[in-house]
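Chains as they are written, first to last, in the numbering used here: chain C, 1 to 269; chain D, 1 to 55; chain X, 1 to 443.
Hints are computed from structural coordinates only; laboratory data are not their basis. Some clues are possibly wrong.
For lysine to aspartate or glutamate, the following EDC-like pairs were computed, each having C-alpha atoms within a straight-line distance of at most 16 Å [as the list claims (entries may be wrong)]:
{"#": "1", "chain 1": "C", "residue 1": "62", "chain 2": "X", "residue 2": "28"}
{"#": "2", "chain 1": "C", "residue 1": "227", "chain 2": "C", "residue 2": "212"}
{"#": "3", "chain 1": "C", "residue 1": "247", "chain 2": "C", "residue 2": "224"}
{"#": "4", "chain 1": "X", "residue 1": "189", "chain 2": "D", "residue 2": "42"}
{"#": "5", "chain 1": "X", "residue 1": "34", "chain 2": "X", "residue 2": "434"}
{"#": "6", "chain 1": "C", "residue 1": "227", "chain 2": "C", "residue 2": "35"}
{"#": "7", "chain 1": "C", "residue 1": "62", "chain 2": "X", "residue 2": "393"}
{"#": "8", "chain 1": "C", "residue 1": "42", "chain 2": "C", "residue 2": "142"}
{"#": "9", "chain 1": "C", "residue 1": "47", "chain 2": "X", "residue 2": "28"}
{"#": "10", "chain 1": "C", "residue 1": "263", "chain 2": "X", "residue 2": "391"}
{"#": "11", "chain 1": "X", "residue 1": "267", "chain 2": "X", "residue 2": "280"}
{"#": "12", "chain 1": "C", "residue 1": "263", "chain 2": "C", "residue 2": "248"}
{"#": "13", "chain 1": "C", "residue 1": "9", "chain 2": "C", "residue 2": "187"}
{"#": "14", "chain 1": "C", "residue 1": "145", "chain 2": "C", "residue 2": "35"}
{"#": "15", "chain 1": "X", "residue 1": "11", "chain 2": "X", "residue 2": "28"}
{"#": "16", "chain 1": "C", "residue 1": "247", "chain 2": "C", "residue 2": "35"}
{"#": "17", "chain 1": "C", "residue 1": "9", "chain 2": "C", "residue 2": "224"}
{"#": "18", "chain 1": "X", "residue 1": "68", "chain 2": "C", "residue 2": "137"}
A short, non-exhaustive set of chain X residues, derived as facing chain D with CB atoms under 10 Å [stated by the list, open to error]:
{"#": "19", "residue": "150"}
{"#": "20", "residue": "207"}
{"#": "21", "residue": "214"}
Please read all numbers here as calculations on a predicted model, not as lab measurements. Think of the CB as a built atom: it goes at the ideal place given N, C-alpha and C, for glycine as much as any other residue.
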Amino acid sequence: MEAAESHEKQKMYGMVIDLDKCTGCGACMVACMAENNVPFRKDETDKFKSITWMRVYLLSNKKDYPYSDICYLPRPCMHCSGRGGHGHSPCVSVCPAVATDYSHATGIVSQIYTRCFGCRYCMGACPYHARYFNWWDPKWPEGMKEYLSPDVSCRMRGVVEKCSFCFHRYQRAMDLAFTEQRTELEENEYQTSCTQACPANAIVFGDLNNEEHQVAQLVSEPPEGKKKFRLLEQLDTNPKVYYLTSKDWVLSAANRSVKEEAKKAESGH
Amino acid sequence: MFPFNYEWAWDMSHIVFMGGLWYALGIIGAGVTYVVAKSAWDTMKGHGGHEEGHH
Amino acid sequence: MEIAAKSAMDKINALFDSLTPKKLLELDAMLQPKGVKRAPFWQWGLWMGFFTLVALWGFYAAILCWFKGLNQTNMNDYYGFALWIWADLAVIALGGGAFFTGFLKYVIGKEMPLKYIVNYAVIIGFICYSSALLILGMDVGQPLRGWFIFWHANVHSMLTEVAFCLSCYFGVLCIEYLPNVLENRQLDKIPFIHNLTHNFHSAMGIFAATGAFLSFFHQGSLGGVAGVMFGRPFAFREGVFIWPTTFFLFTWSAAAFGPCFTIMLTKLIEAITRKKLVPDTAVRFLAKISGWMIGTYIVAKIADTLYWAFVTAPAAGWHLSDFYTGNAFYGYWILALEIVAGGIIPAGILISKKGRETGWSLTLAVILGVIGVSVNRWVMVLQVMAVPIMEFDQWALYVPSWQEVATTILPVAYGVLLISASHRYLPLFPYEIEQANAAEHHG
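Please build the complete structure, drawing on both the sequences and the hints.
And the structure:
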């Protein structure tokens, strides 16, 4: 949890997801699972036990035809900065064995599988259900072990896992930069697997503190006609994943404080 | 738990928490040691047994 | 004296050398406290045998969980905390009678009449805390890494606080229970053991005070576990410094309702043994204190609930109805059960002299008290997990698997076994011994 050197601005990796572009294809979910050696079972019917670091939710405006509308919302780990943005993420604060930690250098919340003893307190604390528990040992189909990514450790049963913003890619990019005797990364040098897999370019990933990165530009000035929001902003979790939408109903469907204000406006206050 | 652990930091949280813990453990440890030592001493002195009267 | 001790040991050794059923019965009689009447060995054996079978069933379920993993349970990613965590919290709250009775007797100095019930309160506490540790050992995904919570402690986490204080307090309970074991008639003949018992009793105030200090923190931290979760509006509470209000409410409720559990089990053991083991003065004294504690607690609880319902949760965009409607199980009934049936009514009965002194009303009050604190712990674990937070999320309900139920019943069976063995062979109830001695003198 040490701060980056003073002459370098601290990075804050985050995401902007344009919900108008998301088609719900699930390529981000598949890419994430493949990249991060996420285990799966023969029968994945029970969605409460499926490990999906990235999960796409279906939102609906709950109206009848011809006014019905839907929206797909991909949800990775929010890598919350916590109250006041000081790094006290809901999950980091509660872990009893320091198996999860907030990095002030990158803004990423890590998960250390070899430290985690599976108490699941972090899962209780996370309001986004971004954390998943290994109820079983992973069982890879015949031959699949050779396909696993060597950069990501496999988890055994009894530990918690979650989206890491493909931190191994950050490490790989930093290693390459080191060999080239530089410490700064270009925007395209470190991108998450889900970002690159999205066929609609709905996901944008980068350093929110770097004005040259597209994420920072989208957050500071959302495209015309689109509004930005974060999930559960009113809980002061300070998530790093922003959403863009041009539809007001999506704002209400995703965001309780917006919904409350809309209700008040409707009742004529 | 100990100063030589990686996570240890000499900050107020650690001082208060671990200080309180070791203080409580110290009292318990000292208490048990005293009781056992006194009992051994009393036994050596020939005390003990029902004729001494009960607690 | 030493000759007497040596001959006792020689006798016991001789018995073990050629253990026949007749000698087993002799050994059984030798180990019982002097002057008291106990059930015939065969009857006691049947009783113990039944509960051993129940315990073995629970142990089998535990083996399944340890070797096959937590997929043996019905927990899932929405219910990371479920029946076991509820059982932990409930059993620790109910075991609060141990620290509170010890505090009243040794620290406040209420020797009379609490001396008649304190041993029993201690053994109940011992069973409760050892059960909690056993359940925790099953509940974590990697039990062999359990020591990480001590070695790699995050001092900011409430769960770390719980682990440390709970373990230390269990140590204190072992120290408090040990003299009871050493007071066994045959063991007491050994001079060193006799002195040890005597000195432990003399020094017990220090251990009781330390135990009360540790209990205050771990009972409170269990409340803190729920109250600090600012991502869960149902659980989150404002507080004082780093401690949410649930910290203080949990400590207060454990001290208030723990004695109810002690009284309830006293009534139960008296019903089973058909003996008066604890005088009414002790029970009523504890009941009165418990009544006032529950009364003051429930006022604080109602105030806290109102503040949370109308200030804290709405500040995050939630209404009370969001937590109690729109699902198949959790409704306002559970709030009424916890606060009215499990709080106001037992407080009212126990505060009133007539209520305490009438057999059925006292029993009703303590049962309602036990239910009330158990419902509170249920709500602060399972309802927290059930309530959806993201606007497009859903309510999640849960039913435990048989493995979870069996492993939760395991501590109950083990508790019955330990109390039964302790009652048979240890002078657990001074009142019973006094009555037996008085009868012998008059007889």
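Comparing the hints with the structure gives:
no.	hint	result
1	62(C) to 28(X)	violated (73 Å)
2	227(C) to 212(C)	violated (21 Å)
3	247(C) to 224(C)	holds (12 Å)
4	189(X) to 42(D)	holds (15 Å)
5	34(X) to 434(X)	holds (11 Å)
6	227(C) to 35(C)	violated (31 Å)
7	62(C) to 393(X)	holds (14 Å)
8	42(C) to 142(C)	holds (13 Å)
9	47(C) to 28(X)	violated (57 Å)
10	263(C) to 391(X)	holds (14 Å)
11	267(X) to 280(X)	holds (11 Å)
12	263(C) to 248(C)	holds (13 Å)
13	9(C) to 187(C)	holds (15 Å)
14	145(C) to 35(C)	holds (13 Å)
15	11(X) to 28(X)	holds (13 Å)
16	247(C) to 35(C)	violated (32 Å)
17	9(C) to 224(C)	violated (29 Å)
18	68(X) to 137(C)	holds (9 Å)
19	150	holds (5 Å)
20	207	holds (6 Å)
21	214	holds (6 Å)
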